[in-house]
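Number of protein chains: 2
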Amino acid sequence: MIKFSSLISKLTDSQRILIVGHIMPDGDDISSVVSLTLGLQQLGKSVLGAIDDKIPPEYLVFPGVKDLIDYEKFLDLKFSPDVVVVLDCSSPDRVGRFVKILPEHTIVVIDHHATNGFFGDINWVDSTYAATAQMVFHLNKVLGIEYNEELATINFVGLATDSGFFRYSNTTSNLLKDAAELVEMGAKPHFVASTILENKTLNQFLLLSKMIDKIKVEKGLAYSVLTFEDYLSCGCTDQDSSGFVSEIRSLKNVEVAVLVMEYPKNRVHVSLRSKNYVDVSKIAATLGGGGHARAAGCSFENADPWQVLKEVLTLVREAMGG
Amino acid sequence: MIKFSSLISKLTDSQRILIVGHIMPDGDDISSVVSLTLGLQQLGKSVLGAIDDKIPPEYLVFPGVKDLIDYEKFLDLKFSPDVVVVLDCSSPDRVGRFVKILPEHTIVVIDHHATNGFFGDINWVDSTYAATAQMVFHLNKVLGIEYNEELATINFVGLATDSGFFRYSNTTSNLLKDAAELVEMGAKPHFVASTILENKTLNQFLLLSKMIDKIKVEKGLAYSVLTFEDYLSCGCTDQDSSGFVSEIRSLKNVEVAVLVMEYPKNRVHVSLRSKNYVDVSKIAATLGGGGHARAAGCSFENADPWQVLKEVLTLVREAMGG
Numbered sequence: 001m002i003k004f005s006s007l008i009s010k011l012t013d014s015q016r017i018l019i020v021g022h023i024m025p026d027g028d029d030i031s032s033v034v035s036l037t038l039g040l041q042q043l044g045k046s047v048l049g050a051i052d053d054k055i056p057p058e059y060l061v062f063p064g065v066k067d068l069i070d071y072e073k074f075l076d077l078k079f080s081p082d083v084v085v086v087l088d089c090s091s092p093d094r095v096g097r098f099v100k101i102l103p104e105h106t107i108v109v110i111d112h113h114a115t116n117g118f119f120g121d122i123n124w125v126d127s128t129y130a131a132t133a134q135m136v137f138h139l140n141k142v143l144g145i146e147y148n149e150e151l152a153t154i155n156f157v158g159l160a161t162d163s164g165f166f167r168y169s170n171t172t173s174n175l176l177k178d179a180a181e182l183v184e185m186g187a188k189p190h191f192v193a194s195t196i197l198e199n200k201t202l203n204q205f206l207l208l209s210k211m212i213d214k215i216k217v218e219k220g221l222a223y224s225v226l227t228f229e230d231y232l233s234c235g236c237t238d239q240d241s242s243g244f245v246s247e248i249r250s251l252k253n254v255e256v257a258v259l260v261m262e263y264p265k266n267r268v269h270v271s272l273r274s275k276n277y278v279d280v281s282k283i284a285a286t287l288g289g290g291g292h293a294r295a296a297g298c299s300f301e302n303a304d305p306w307q308v309l310k311e312v313l314t315l316v317r318e319a320m321g322g
Numbered sequence: 001m002i003k004f005s006s007l008i009s010k011l012t013d014s015q016r017i018l019i020v021g022h023i024m025p026d027g028d029d030i031s032s033v034v035s036l037t038l039g040l041q042q043l044g045k046s047v048l049g050a051i052d053d054k055i056p057p058e059y060l061v062f063p064g065v066k067d068l069i070d071y072e073k074f075l076d077l078k079f080s081p082d083v084v085v086v087l088d089c090s091s092p093d094r095v096g097r098f099v100k101i102l103p104e105h106t107i108v109v110i111d112h113h114a115t116n117g118f119f120g121d122i123n124w125v126d127s128t129y130a131a132t133a134q135m136v137f138h139l140n141k142v143l144g145i146e147y148n149e150e151l152a153t154i155n156f157v158g159l160a161t162d163s164g165f166f167r168y169s170n171t172t173s174n175l176l177k178d179a180a181e182l183v184e185m186g187a188k189p190h191f192v193a194s195t196i197l198e199n200k201t202l203n204q205f206l207l208l209s210k211m212i213d214k215i216k217v218e219k220g221l222a223y224s225v226l227t228f229e230d231y232l233s234c235g236c237t238d239q240d241s242s243g244f245v246s247e248i249r250s251l252k253n254v255e256v257a258v259l260v261m262e263y264p265k266n267r268v269h270v271s272l273r274s275k276n277y278v279d280v281s282k283i284a285a286t287l288g289g290g291g292h293a294r295a296a297g298c299s300f301e302n303a304d305p306w307q308v309l310k311e312v313l314t315l316v317r318e319a320m321g322g
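First to last, the protein sequences are chains B and E. With full-length UniProt numbering, the residue at position 155 of the first sequence is 155, and numbering never jumps. With full-length UniProt numbering, the residue at position 15 of the second sequence is 15, and numbering never jumps.
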């Protein structure tokens, strides 16, 4: 616990603090940055929370999210931090343009990714946590931060989203206990779930329908393709098909799910999911991608989606022993 | 707590116990019956768990579920119980053919439905519980039952399913604490979620695609129709569209979701869901149905689905002040 106590000293001794999350922000990232920002502000410090990317609109209704700044806004403010806290990033390139200022500052890294490269001066990295927001919750408690309904709700967001609303294998007893404590403090699970999950567009549904109509199933394997024309005809972008591959995995008796997505024209991304035993990260790595054993992906430029599908299926069938 | 102590005495004093759940069993029902059966068997009693209906196949892999008996099997066994415990049923007609034997026995009712009619000799009814399985968990603990991985997992099933995997408004701090305790005892949230939720058939997906293609949206309201021909062409029955109305509700800015389902020919069921303020149970009641404020339904014999849709939409638009 030496690292943790040096982290506490560093935060306590600093007066001007910049807290940075990652680009392509998800619920855990947003929740972590905002919860620590609100926490440290409570200690009377000058604190800015920053994410150098567009915040998905469904998160903007949660407390504190609208106050997040990007890199330009940060430069405008001429804010000179005593310390930069980087949250939920396994490597420095994840912070977007903030990467430019990292070398000039003392960096604290707080992250739950097993792949974290310890690029901070102080690193609190612990992959037994289901979410970085869960680490922030513990940190805030050690710092004596008082939780009200607003802080509890935004902090709950990270615990819920990074565990797939308590359905993934990282749903431990400790995660559920922390979630219970946040609910006791005022977090509203139904409000969080409804705000994040019940925000689909009709166009997204039409795209899903296109994906479903093209699903093919063969023993233990299911796959589909979305071409650039599909996206165009539904008025969608690649952001709209986020999570679609999980729908394919939800098919009975399917071990591996593959979704090939072309957006824009000739840029092809492949999402791979497995249920129990196939390590899809190995398949993705063979194709220059990466990820986890149960969720991985890879991308291709100047490619044809059907050709990519063919190559991926060959590798998946091999991995499945067929 | 007088009722609770008389419940404990009754169970402790009885040697031959029949535990009955409801027809059209859901996760909470199955979880409750099996968990109490396994619990009381541990006390050396002769206990049978019964549900007089088909068990949805995805539940059969959970511990103890295959041992559930129906009414015919019960008659075959010539089992004469000292007490009948009825779980998760708001009225006696919910037990299927077991209703015939209720008058001859001492009945204990354990239920979390606010609409429960207290039809037992001893009634433990408490709608502050999110699930009847949560009541069974507390009861088993009072009875000193020891939890292993199997019992923890099947008991967890009810807590998870009746709260929509911790997303509905009944997700309290106590529910999450109990879930955490069951996980500590060996329950596997990911296994439970994956087993129950990742068991869709391709035919179900094709039916979903048909529903999506027919969704219509108008300010705050979204609806769709599945005709008998749709079910036939996808090789589906009405069981396959269970939960589809929630997909419609997941649309952004939609307050009320309506799904009209015709199965079989000219038998029409309407599912109504709302997000925040429209009481759909009132609409359902006007049409001879019932339910809760946010989830209700009604059924029609010898009806045309499009005509039914028209009538329902008129009522919904009225309720929405339009």
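If you're looking for bench data, these hints aren't it; they were derived computationally from the structure. Among the clues, some could well be false.
Said to hold, decoys possible - If you want a taste of the chain B side facing chain E, the calculated C-beta under 8 Å gives, among others: (1) Leu143; (2) Thr195; (3) Glu198.
What the hints assert, rightly or not - Listed next, the stretches of chain E that the computed footprint assigns to chain B, with coverage defined by at least 3 CB atoms under 8 Å from CB atoms of chain B: (4) 5-13; (5) 61-72; (6) 76-90; (7) 229-242; (8) 315-321.
Said to hold, decoys possible - Take a look, some chain E residues computed to stay more than 10 Å from chain B by CB distance: (9) Leu176; (10) Ala179; (11) Ser299.
Cβ coordinates follow ideal geometry from the N, Cα and C atoms, glycine included.
Hints, one by one, checked against the model:
Taking 8 Å as the C-beta contact cut-off toward chain E, the hint placing B/Leu143 at the interface is violated, the least distance being around 23 Å. Of the supplied interface hints, the one on B/Thr195 is violated, with its beta-carbon coming no nearer than about 10 Å to a beta-carbon of chain E, more than 8 Å. At about 4 Å, the closest approach between the beta carbon of B/Glu198 and any beta carbon in chain E falls short of 8 Å, and the interface hint on this residue holds. Counting residues of the region 5-13 of chain E whose CB lies closer than 8 Å to any CB of chain B gives 0, which falls below the minimum of 3, so the coverage claim is violated.
Only residues whose beta carbon comes within less than 8 Å of a beta carbon in chain B count, and the region 61-72 of chain E has 0; fewer than three means the coverage is violated. Check on the region 76-90 of chain E: 0 of its residues sit with their Cβ under 8 Å from a Cβ of chain B, so the three-residue criterion for coverage is violated. Three residues within the 8 Å Cβ limit are the bar, and the region 229-242 of chain E against chain B gives 0, so the coverage statement is violated. A count of 0 residues in the region 315-321 of chain E with a Cβ less than 8 Å from any Cβ of chain B is obtained; the coverage claim is therefore unmet, three being the minimum.
A beta-carbon of chain B is positioned within 10 Å of the beta-carbon of E/Leu176; the least distance is around 4 Å. With a least CB separation of 5 Å from chain B, E/Ala179 falls inside the 10 Å interface cut-off, contrary to its annotation. Non-interface call for E/Ser299 relative to chain B: holds, since the shortest CB-CB distance, roughly 26 Å, exceeds 10 Å.
Hint violations for this structure: numbers 1, 2, 4, 5, 6, 7, 8, 9, 10, all remaining hints satisfied.
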